[in-house]
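**Student:** Put together the whole structure using the sequences plus the hints.
Here's the letter readout for the chains.
Protein chains: 2
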Amino acid sequence: MEKQISKAVISRLPRYYRYLGELMEDGVERISSNELSQRMHVTASQIRQDLNNFGGFGQQGYGYNVKFLYTEIAKILGIDRQHNLIIIGAGNLGQAIANYANFEKRGFVIKGMFDINPRLIGLVVRGIEIRGVEDLEQFIIENEVQMAALTIPKTKAPEIADRVIRAGVKGIWNFAHVDLNVPDDVVVENVHLSESLMRLCYRVCSMQDGKSGEKGAS
Amino acid sequence: MEKQISKAVISRLPRYYRYLGELMEDGVERISSNELSQRMHVTASQIRQDLNNFGGFGQQGYGYNVKFLYTEIAKILGIDRQHNLIIIGAGNLGQAIANYANFEKRGFVIKGMFDINPRLIGLVVRGIEIRGVEDLEQFIIENEVQMAALTIPKTKAPEIADRVIRAGVKGIWNFAHVDLNVPDDVVVENVHLSESLMRLCYRVCSMQDGKSGEKGAS
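In order, the protein sequences belong to chains A and B.
Per the working numbering, the very first residue in the first sequence carries number 300; after that it's consecutive.
Per the working numbering, the very first residue in the second sequence carries number 300; after that it's consecutive.
Don't read these hints as lab results, they were simulated from the structure.
Take every hint as true, because none was put in to throw you off.
Each pair may be met inside one copy or between any two copies, as identical chains are not told apart.
The list that follows gives simulated cross-link-like pairs (lysine to any residue, SDA-like), each with its CA atoms no further than 20 Å apart: (1) 404 / 495; (2) 404 / 493; (3) 404 / 377; (4) 410 / 399; (5) 306 / 373; (6) 404 / 454; (7) 453 / 318; (8) 366 / 347; (9) 404 / 476.
**Tutor:** Next up, the structure:
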């Protein structure tokens, strides 16, 4: 994979990966761009353009080999390897993520959970003990933690982000409703639920006011 | 508001709204595009372009009136009005949303929570009783519910989405990892956490492989 793939294509890969995984579960071995197009509600030409980025996966008259394409997309996304993750903030959202067993199928291993609430520390969620944040740095180093999910209030997030980054974390999955400033070699993926709800609200209101022709999923 | 605002601008409005809200909390009454630019790490010209969509909010030498702009953006997003919401799926994720008090400040009122798990039905989360799904349609009609958050497994989501839409729901906030097919007058806002985690993974891996110059938040 030497070729640079556009950000737009990358952002669509997880969806392809999901559909290909479902096809595999259904025992489908190969699929044409037209069939995939019907399932995914994306044009066949978009699918061919996207998937041709990875070289000759599709063959005329044969279609795509589902398992091969699934495996290649996993490699491109980096989810063919193990990634060690911690969750900071063991409230409902943190626990929801810890319980989401699917993550591990994709190579994500939740190594630890942390909280500052003494009532939560010591509890075990899905085999993972909730720890205090005192030994956060040591834990990250000893467990080769690459990524940290921050499911904590926005007032605490910048300080905790600084601490995990200093200890070696390279990716922050940020659920706190604040923008984090991070060094050049660290990435932040934001999940700002209230912004998502506001977008939904705008689209519902637009639809009702007849202001927009926009529809369907975003 | 007759002018059509681009989807890109709309998608940035919740972030402006958050910064303006924080400025108000700090007692700031007006702000220049340059100051806002420094806070938000967005160019001042981008800010002017975005905010000029709404007509003369900014005045040369005076800057933006924070409260006025905050109020106008709320109107555009539709969050100046009350919206009735239900949560279907009372597990950790559903409870996390129910507990997120901020939502109500923006006009979202959680009218009810639903689950199929008999052990959850009857429990009360933040003053909201968890109900079975038998009387879902009636509840939606009686409470004028506009939006439904689906925090249920993907196998259940399409059927439940059909039911709430038939009862009058116009917006689905979909956390289930499946694409929903909805009528033209209904909108879906997806929050697919595992896709978000895969994007984070890709960006961390790219950074480490030195494949990408990309950085910062997305």
